[in-house]
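Let the hints inform the model, and build the full structure from the sequences given.
Taken in order, the first sequence gives residues 1 to 553; the numbers are from my numbering.
Some clues are possibly wrong.
Said to hold, decoys possible - In silico DSBU-like cross-links for lysine-lysine, where the CA-CA straight-line distance does not exceed 35 angstroms:
{"no.": "1", "residue 1": "Lys161", "residue 2": "Lys176"}
{"no.": "2", "residue 1": "Lys225", "residue 2": "Lys239"}
{"no.": "3", "residue 1": "Lys176", "residue 2": "Lys196"}
{"no.": "4", "residue 1": "Lys417", "residue 2": "Lys444"}
{"no.": "5", "residue 1": "Lys248", "residue 2": "Lys533"}
{"no.": "6", "residue 1": "Lys417", "residue 2": "Lys371"}
No lab work stands behind these hints: they were computed from the structure.
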Amino acid sequence: MLDSAPTLERLRPIFADPNIAKLNQNIKYDLLVLRGRGVEVHGVSGDPMVADYLLHAGERTHNLEELARRYLNHPMVPIEDLIGKKSKKQPQLRMDQVAVDRVAAYAGEDADAAWRLCLHLESRLEGPPLRTLYDELEIPLIEVLAELEYNGIRLDKKLLKRVGDDMGRRLEQIEKEIYVLAGRPFNIGSLPQLRKVLFEELKLPIQGKTGVTGAPSTDQETLEKLAALGLPGSELPRKILEQRQTAKLKSTYVDALPEMVNPATRRIHASFNQTVAATGRLSSSDPNLQNIPVRSEQGREIRQAFLPEEGWRLLTADYSQIELRLLAHFTDDEALQRAFAEDHDVHSLVAAQIFGVEEGLVTPEMRRMAKTVNFGVIYGMSGHGLAVRLGISRDEANRFIEAYFARYPKVLDYQAKLLEECMRTGYVSTILGRRRAIAGVRSKSTYQQRNQPEREAINMEIQGSAADLIKLAMLHIHQRLRRDGLRSRMLMQIHDELVFEAPPGELKQLAALVKEEMTTPLEKELSLRTPLKVELAAGPNWLDVEEIVEGEG
DNA sequence: ATATTCACG
DNA sequence: ACGTACGTGAATATC
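As structure tokens, this is what we get:
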């Protein structure tokens, strides 16, 4: 089998030859396994999983079993038949513990299905834009993602141990205080028990119900309302909030991350999934590196544990306001475009417009509200949704939206046109022609009464186009790093941010290259009507990065 | 397996 | 009358 070293050596030149096409289901996995054995693969030409993702983004899975059933009408032999029950926890049999003839039959069926599915699905991509997206973006990106996963990132286990011990002590303390306030001990993590304490024993007023079962909510928003009531028993929700935050950070990050460090590389190797998000974004798992805490002070400590290679520096490159810039591009609104062209503060500008004041008189509160409105526009906001987030009445929220659309009529026209096209064709397209099918869009609905599909449609073009842009940038950066012979490595993508590590002396060159590839070529290639802006920062860990100002140092 | 909550963009 | 902003992944408890 492939496992034997002589066979691998014989295949090495074939794998290395970019002119010999290779395809497989989830071929990124093969790249990683082979790279782990020192074998480089070039010439990746296809992957049915990725082809199906471009054809049907938003399907629950694009796994081989599903694809074979759907397109080949062929039920695959379940892998459980070979290696035992499928389970994330339970250790499975390995292939080398299974009889060779059974493995061969299974592997043969897999390879055959992948090959036939690739032919079939690729023919369905039918030229531009999907086939171009496949051949020139998603397939080449596989190699880049494999490299991100292979590179991994170093973690400061000692720091997390200290933080975890502190949190453990803090939790013991808070939990004692909670039991006193509740009048008895109970399992704070159990929603039924917590509801009983809050709403039955302490008789606090129910603030809202959960979506599916209609049970009383106990989420952050609810607990904050309860804490603000000033009733007897209002101390408790405050403490619960504190306990929740600390318990969440400890279990999800501080305790879990050190367990994920690969002892051989002493780094964390997450997955960057290419076929999950309906909009074209990547997702990350095992662990998820795209939701590492940053907003709370307590959470930010965790970022400090993400380190570059010893003696190297971490570099972060963030797109500034990429979604609003794309809104300006798509709507062709001149005021928004000018704001970005002149690098103005777009939240302040919108605040001035919707509050009807000079930009110099915009207060931080007005700016904060305008920022919420700006995000709302990208999400297809309703009056109600905006009201909840701003803590104002629905009427007031509607007046804000009216004021916004009165000043930015092109945004309203743009959204109406997008919905109309979605209704006609059944899908929404991004800047590179990526498609997401959306059913349930109605003709001329107003923003007050938009339904879920209509909001999804409105969000797709912008969120998906931002995903297109950063994927393209990753591809270009990867090629430049090779061409220019840099040792720097790309480590992570967090939707509008890329993270790199640079060896001593290479930071400036890397920073310049990254900034360039994330902006100018994309603006030109895609004829963007708004410039892109990238903010660079570097430091000894992911928290303590300092902005790199051009022409400095 | 499902529901809830909460971490991120 | 009601549920209401878009996209994710993980932990926990309960069924």
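Just to be careful, I want the Cα atoms of lysine 161 and lysine 176 compared with a cutoff of 35 angstroms; is the pair within it? holds (23 angstroms)
Measure nothing beyond the straight line between the CA atoms of lysine 248 and lysine 533; if it is 35 angstroms or shorter, mark the hint as holding. Answer holds: lysine 248 to lysine 533 is near 34 angstroms, not above 35 angstroms.
Lysine 417 and lysine 371 were given as a pair; does the straight-line alpha-carbon distance stay at or below 35 angstroms? At roughly 24 angstroms apart (the allowed maximum being 35 angstroms), lysine 371 and lysine 417 satisfy the hint.
If you draw a straight line from the CA of lysine 176 to the CA of lysine 196, is it 35 angstroms or shorter? Judged against 35 angstroms, a Cα distance of about 18 angstroms means the pair holds.
Just to be careful, I want the Cα atoms of lysine 225 and lysine 239 compared with a cutoff of 35 angstroms; is the pair within it? holds (13 angstroms)
For lysine 417 and lysine 444, compute the direct alpha-carbon distance and say whether it is at most 35 angstroms. Roughly 10 angstroms separates the two Cα atoms, so the pair holds.
The earlier numbered hints are all upheld by this structure, with none contradicted.
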